[in-house]
Amino acid sequence: MPDTWYILAVLGTVFTITLALRAVPFAVLRPLRESRLVTTMAGWLPAGILGILALSTFHGSAGQGGGHLIQAVVAVAVTAAAHLLSRRRTLVSVAAGTVTFVALSALG
Amino acid sequence: MHTTPSPGPPVHRRAEVAAGVRASLSAGLGMFPLGVAYGLLVIQAGLPWWVAPALSIAAFAGSLELLLVGMMVAVTPLAAVALTTFLVNFRHVFYAFSFPLQLVRHPLARTYSVYALIDEAYAVTVGSPGRWTSWRLLSMQIAFQMYWVGGGLAGVVLAARLPAHIEGLEFALCALFVTLTLDACRTTAQLPSLLLAGLSFAAALAIAPDSALFLGLLAFLGALTVRYLLARRREPADA
Numbered sequence: 005m006p007d008t009w010y011i012l013a014v015l016g017t018v019f020t021i022t023l024a025l026r027a028v029p030f031a032v033l034r035p036l037r038e039s040r041l042v043t044t045m046a047g048w049l050p051a052g053i054l055g056i057l058a059l060s061t062f063h064g065s066a067g068q069g070g071g072h073l074i075q076a077v078v079a080v081a082v083t084a085a086a087h088l089l090s091r092r093r094t095l096v097s098v099a100a101g102t103v104t105f106v107a108l109s110a111l112g
Numbered sequence: 029m030h031t032t033p034s035p036g037p038p039v040h041r042r043a044e045v046a047a048g049v050r051a052s053l054s055a056g057l058g059m060f061p062l063g064v065a066y067g068l069l070v071i072q073a074g075l076p077w078w079v080a081p082a083l084s085i086a087a088f089a090g091s092l093e094l095l096l097v098g099m100m101v102a103v104t105p106l107a108a109v110a111l112t113t114f115l116v117n118f119r120h121v122f123y124a125f126s127f128p129l130q131l132v133r134h135p136l137a138r139t140y141s142v143y144a145l146i147d148e149a150y151a152v153t154v155g156s157p158g159r160w161t162s163w164r165l166l167s168m169q170i171a172f173q174m175y176w177v178g179g180g181l182a183g184v185v186l187a188a189r190l191p192a193h194i195e196g197l198e199f200a201l202c203a204l205f206v207t208l209t210l211d212a213c214r215t216t217a218q219l220p221s222l223l224l225a226g227l228s229f230a231a232a233l234a235i236a237p238d239s240a241l242f243l244g245l246l247a248f249l250g251a252l253t254v255r256y257l258l259a260r261r262r263e264p265a266d267a
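Just so you know, the sequences run in chain order A and B. Residue numbers for the first sequence follow the numbering used here, beginning at 5 and rising by one. Residue numbers for the second sequence follow the numbering used here, beginning at 29 and rising by one.
One chain only, chain B, in its complex shape (with noise of 0.2 Å):
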């Protein structure tokens, strides 16, 4: 090393601490009131106050954690809690494609940004490219966590005040899931895998209801895995 690494002068950082918080304004917008739902969530379906900023804490995945509520409540066992983590979250392995981690030098921080790149952060960033120091970042995927950890106690502390149970209320995870599918299929390419995917979960759930879920992802899994083949031999020589 040749250079000694400056962090730079304090109002030019201050500067970028404001930008970064900026740009997480208007995600921060839509995380917020989740967060709350899911605060609401967790106390409504008897689990200790304290699952819903630990959760944020060790996933740091929205609909994964509003899964996870009520997968806790059956006690849903760890290969099944495993295999859903990680086809819910297979999504993140993509992100490192065109996130621009190469600007964090301390590793600390490094680690952080990694460990905080959410589905905002990274859409945030491949949105508007080019403009990106450290501390923007970094600012950004913290202020992040403090809304999405904060929702989450701002309904914990809801859910306390609030007079009775309100039924129904965990079908706000079956809507968020509805529209992240609408979102996803906006073009009839993406039809094959949603009919494969429904084939999956109802054969799933013919055959083992109580464990549909797992089943119905792995079949799922399967079923592509089986397309995968097929469309490789009938293009063999397209490689």
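If we strip away everything but chain A, and leave its shape as in the complex, we get (with noise of 0.2 Å):
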């Protein structure tokens, strides 16, 4: 378990680059505006680093307590669907799956 030392530099660490993505941009807007790499970044990253998350995600789910596997795949399965039949509504979408990993989770 982590002792407050960490907790308070982690806080610090995840402060900083947080206001800094926030802020910078705004001092260098035109620059910015008119890289390429950035721009060409903008379209490419937000995709595969989302779909790194859930997999790393899924990972953690599937792996714990010695094997989930079969539940966390039926569960991403109905997020999925859910997320695409309720018209992508991620409250939804997102209770549904959960539900749905914690209820065989408990069977099995």
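Each statement offered as a hint is correct.
Selected chain A positions facing chain B (Cβ under 7 Å, derived; list incomplete):
1) Pro6
2) Ala13
3) Thr17
4) Phe19
5) Leu23
6) Ile53
7) Leu54
8) Gly55
9) Phe62
10) Ala84
11) His87
12) Ser97
13) Gly101
14) Phe105
15) Ser109
Under 10 Å between C-beta atoms, here's a sample of chain A residues computed to sit facing chain B:
16) Leu15
17) Leu25
18) Leu57
Since the hints were derived computationally from the structure, they do not count as laboratory data. We treat Cβ as the ideally placed atom computed from N, Cα and C, and that holds for glycine.
Please assemble the complex out of the two chains, which come individually in their own frames, going by the hints.
Here it is in structure tokens:
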């Protein structure tokens, strides 16, 4: 379990980087807008980063407590189906997927 | 300065604050429950309760905070925390292009407005451009932070009343990222990025399972750089 100093260090790190990402662009708006690298990456990064986060959290959930792989696969399928059928209402999809995973994990 | 900065008549100001709170409601409806889930997660992960509001004030970025709960429990090195924060929140760099910050004059208010430039604030202002004032913008942003911090505290209280640990609750985070990935991939143009991301993470998992997220993000960044250089080489005249 992390100690208080570690938690405070995380808070400081996260605060600094997040605020910088929000503030610096206002100072260098024009060069950023004209940079081809930045605008190209803006189009490429989000889908891939979110995909990696989905995979990483999936790996965490599927692997915990010695194997919940099937439960996780079913819950992801429920989440995706709910999302596409509920016209992308994130809260509905997340709730459906989480309830599925919690229920299946309790069963087996 | 020739003109004295006047704050405007109070009635007008009150109407603008009310309009800002109204503008915050629909997104707030999603933020509060997610905040509750986040507060629950903090307690169930075994972290001290104050981490929930403290992180919501330090970061004020929902999906990152949910991710950090697990990273803190695992005592992830600060370098990995920093890179993950940078990459997960990198999208904020592009919000400056269209966020109406020029409306906010007071330096303190300006600082808060930049600090509180979350996805929802960006989306709502871009979604209804043209009618914004400083008071409206700020009251909306403050309302957002109250929903989020309040939701987290409600989750902390709820967790204390639950009879037992709910196993599998952390799947909410996976579900959230699945839906966000689906939202980011509405066209097939996103498929190459998604494929590179999948390969990067798989490779990282095979090499170092314990720091797969960190390595996977790094590898993905490297892969996109190569892709960028290749794309530039292919069309050199089109600059």
